[in-house]
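Undergrad: Listed here are the chains, written in short residue letters.
There are 2 protein chains.
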Amino acid sequence: MNDGSYDGYGAARPILIGGCWQPATASEIFQACNPATGQKLPEIYPVSAWPDLEKALAESRRVCQEVASAPPEKIGRFLNTYADLLEKNQEAITTMAHLETALPLKSRLRSTEFPRMINQLRQAAAAVEERSWCQATIDTKLNIRSKYGPLGGTVVIFSPNNFPLAFNTVAGSDLASAVAAGNPVICKAHPGHPGTTRLMAESMLEALRQAELPASTVQLLYHFSAEDGFRLVSHLAVAAVAFTGSRAAGLRLKEAAEKAGKLFYGELSSVNPVFFLPGILKEKAEAVALELFSSCSLGCGQFCTKPGLIILFNDEAGRRFLWKLQQIFNQPLAGYLLSQAVLENLKKAVEKLKAAGAVLLAGGNQIPNCGFQFQTTLFAISGEQFLKDPGTFQQEAFGTLALAVVAEEVEEMLRIAENLEGNLTASIYSSDSDPQDEEIYRKLEPVLRLKVGRLLNNKMPTGVAVSPAMHHGGPFPATGHPGFTSVGIPAAFLRFAARHCYDNVREERLPEELRAKNPNGWMWRLVDGLWTQSDII
Amino acid sequence: MNDGSYDGYGAARPILIGGCWQPATASEIFQACNPATGQKLPEIYPVSAWPDLEKALAESRRVCQEVASAPPEKIGRFLNTYADLLEKNQEAITTMAHLETALPLKSRLRSTEFPRMINQLRQAAAAVEERSWCQATIDTKLNIRSKYGPLGGTVVIFSPNNFPLAFNTVAGSDLASAVAAGNPVICKAHPGHPGTTRLMAESMLEALRQAELPASTVQLLYHFSAEDGFRLVSHLAVAAVAFTGSRAAGLRLKEAAEKAGKLFYGELSSVNPVFFLPGILKEKAEAVALELFSSCSLGCGQFCTKPGLIILFNDEAGRRFLWKLQQIFNQPLAGYLLSQAVLENLKKAVEKLKAAGAVLLAGGNQIPNCGFQFQTTLFAISGEQFLKDPGTFQQEAFGTLALAVVAEEVEEMLRIAENLEGNLTASIYSSDSDPQDEEIYRKLEPVLRLKVGRLLNNKMPTGVAVSPAMHHGGPFPATGHPGFTSVGIPAAFLRFAARHCYDNVREERLPEELRAKNPNGWMWRLVDGLWTQSDII
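If you're matching them up, the sequences are chains A and B in order. Each number in the numbering used here comes from the position in the first sequence (counting from 1) with 12 added on. Each number in the numbering used here comes from the position in the second sequence (counting from 1) with 12 added on.
Rather than coming from a laboratory, the hints here were simulated on the basis of the structure. Just so you know, nobody snuck in bad clues.
The list treats identical chains as interchangeable, and a pair is accepted whether it falls inside one copy or across any two copies.
Taking lysine-lysine and the DSSO-like style, the derived pairs with C-alpha atoms no more than 30 Å apart in a straight line are: (1) K400 x K364; (2) K471 x K336; (3) K100 x K118.
These numbers were taken from a predicted model, which means no experiment stands behind them.
For reference, chain A alone in the conformation it holds in the complex:
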């Protein structure tokens, strides 16, 4: 079956339902593609028909209560064991991920993304065992007690193409968060890296077994039709959906899910504007230009936090900076786009910007090659042009593509900021000592603050640290809800949690987190208005 030939649906890899790898009820099949060669990879994967989804839903429903009741130690053990097993299979997994995504094997997959994934799983395990994430809140006088707990339904995860490991549907932040909060999960693989997902799911299943959690806690389907996706997310058994991907697909899923009363957490699009104030460009235009390019081209421009919009002034320092940027963007850079679809979308974005009157300063063409490659591309327009049609000029496209907006004056820069859609991030680069920069900052910051989740100073947005203080989210259309983050533990758990209140319930019937005795001696609880790690006396 590994020779690349197609011999019927029977040749397709089995899906994971109810803890068993079983043949799919496939109506179609698909193969991943090596972006470096443009060639299909040999493994054949099924596009599941509805009966597969229905089976997975029934299984998920069957174990929902058992997963919800699992003690934190079991869930912690699962997450830690999973991390251990993945580490044992690191070579096979990263090799497969490299084949399927053409992301650099050593510098990216092995040294950066794999450790990040492992770290995330271990942080989630630690947070589950620590228990503070549930924000136990106790009113001893009224004997009312609340904590976060499971949703009581399935979480469906749709994962993106750009992080085959750290945001993989079966091992990423969404999976870790949904299970940590006590929910069963149905995962849809990204069709760009089914083999990577399959290898990881094998470790996942073994980890469930070792932790003695129900085998149906996490199930895996590789692909299904958009219509079956809508049917899935609106199903009775489902409580929430996590989606990271394109805005168009995300909005359709969002509508289907929310119409049925399901929670939808979507990471939909972001152009991550970076504002350059005059002082910093006077001081170090070249260093900043290199920093910007390095961030913009990271992962071949396929980060949700890629700085895609640059705002600067039409003054001498600004023009010199743009000139420098143009030179840097005009140098050839190796790197592959993740798929033909990403390439086509990038081409379209370039044509759209051209048609809208943006000036092409660098790149703009596909690199003739069997793999998916595109020149690093830089556009520019005036602030006036931007303000005439702000929507057109802030559409996300993967690839090393950026648009510089050149403002004539501070007022225009402020109006550009006011016309931004919701974004994951915004950065302001300013001098540490220039009073003019400080003055502009004071006007610009309050506008940007309300438009984005994370505001950075003199820093590019692409690094998203896994810290409890991180926020990876933002006002619509960046994400569906600006109060929730998909990165950062334990805050990411809260997307998949309901608030459980106990009113006049006696001690021995309460969950451990709400009893007089602190269950592990170190979890934080808010008791009568004071945060404490002590028992209640």
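For chain A, the structure is supplied; the task is to place chain B on it using the hints.
TA: Here is chain B on its own, set in the frame of chain A:
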């Protein structure tokens, strides 16, 4: 204008836009009705056409950033001053509320609901000034800092008919929460109590003035068409919607809002099931029956937490309890329904239950009277019948109406619990000493836990204390998101907050809550994993 006659739209009361009471662009007018007499009240109110909504939106947008930047002391002063001014006008407000709702003046409006409203505003003021609600989370090593902040858009509040004071659109928990989180608000009055709302809005405007907040921070419209409502909640300037009311209307608003990427917090419906285990009914059937009736008939059965579904066993104690209940429900009880619409809805619910085969044990008829009165009504059905069509038997209807479901055995009771929709609350009554009750509880609790926001033991659900540990919310369709509460401060604020992250931002540019020095010396912050009130050193 107070003689009840209608002399053109000019006679209609002005609306509050941009801090000025101004004539509405009205296409229609309406009058409130005294539910005790069925007569229209003299004051005439406008049904605003779109230009009014547009003006309010423009004003709201204009002040959005200023409201977002207002220091906590100003917002706290507003909420406290508002409470003071309302207290000065207590007599006029409660008298008007009594006229418009026929709720008992002394026992309900003056002694209970008015103080609750005042208490809520003052608690909100204290929480804003205390600042802990923003959950400042600081990672000193990475210099990443996050807190909750304003949404950056307008909050639209649609308030219910049943609490003219404590959940009034201009003074209830939603208003206090939305303003506390730093958002401008557009309020739609409930057309059942426009006069009460008007009187309170006068105090509100004066409080804004005294606190030196923008006069457009809170604006008031009395009424508009459903279509204009959909247009309003999907408008660019709007960030979130708070709705408490009927499920049908709520779902339509939810769809319109969410399709446009707005947050929707709806309290939509709940039947608040109460389970009676055999032991407690053996011990004190009569006391418990009286307790149930008292809760069910509170506010004439017009509480969102009214116990509307009773589940018990077909054993001797159960049958005796039901017999007792039937006697109590058959006694005449004074009290008015809030409107003709509530009366009609109640009649429909009764007909529906009859048609579905439920047995009428008490009441069931309108009381012939000029006011809106209906008999206290009790139905019963078998567990088997319930399970054949669970949807029909758990539809919320205001009024003193309850449906008893009689289960034959524990398994059947569990299946009934499994077939419940999401609810705000569920109660379990059990004996403190009966081991059989305890055994059933252990099976029933995990099922109910995932279906409801608040789980009560031996307590009726109608009391919703304003405590930080309270949770008034639940899985869909009880509310739109089971992680958020509309009662309980400061948790209720979080519905109207975005997470604001600061990455590599220097000390003097940070909001006070995230700087090294604790801004007031007592706010709680999560610094490097530890909750503390100390400065960062």
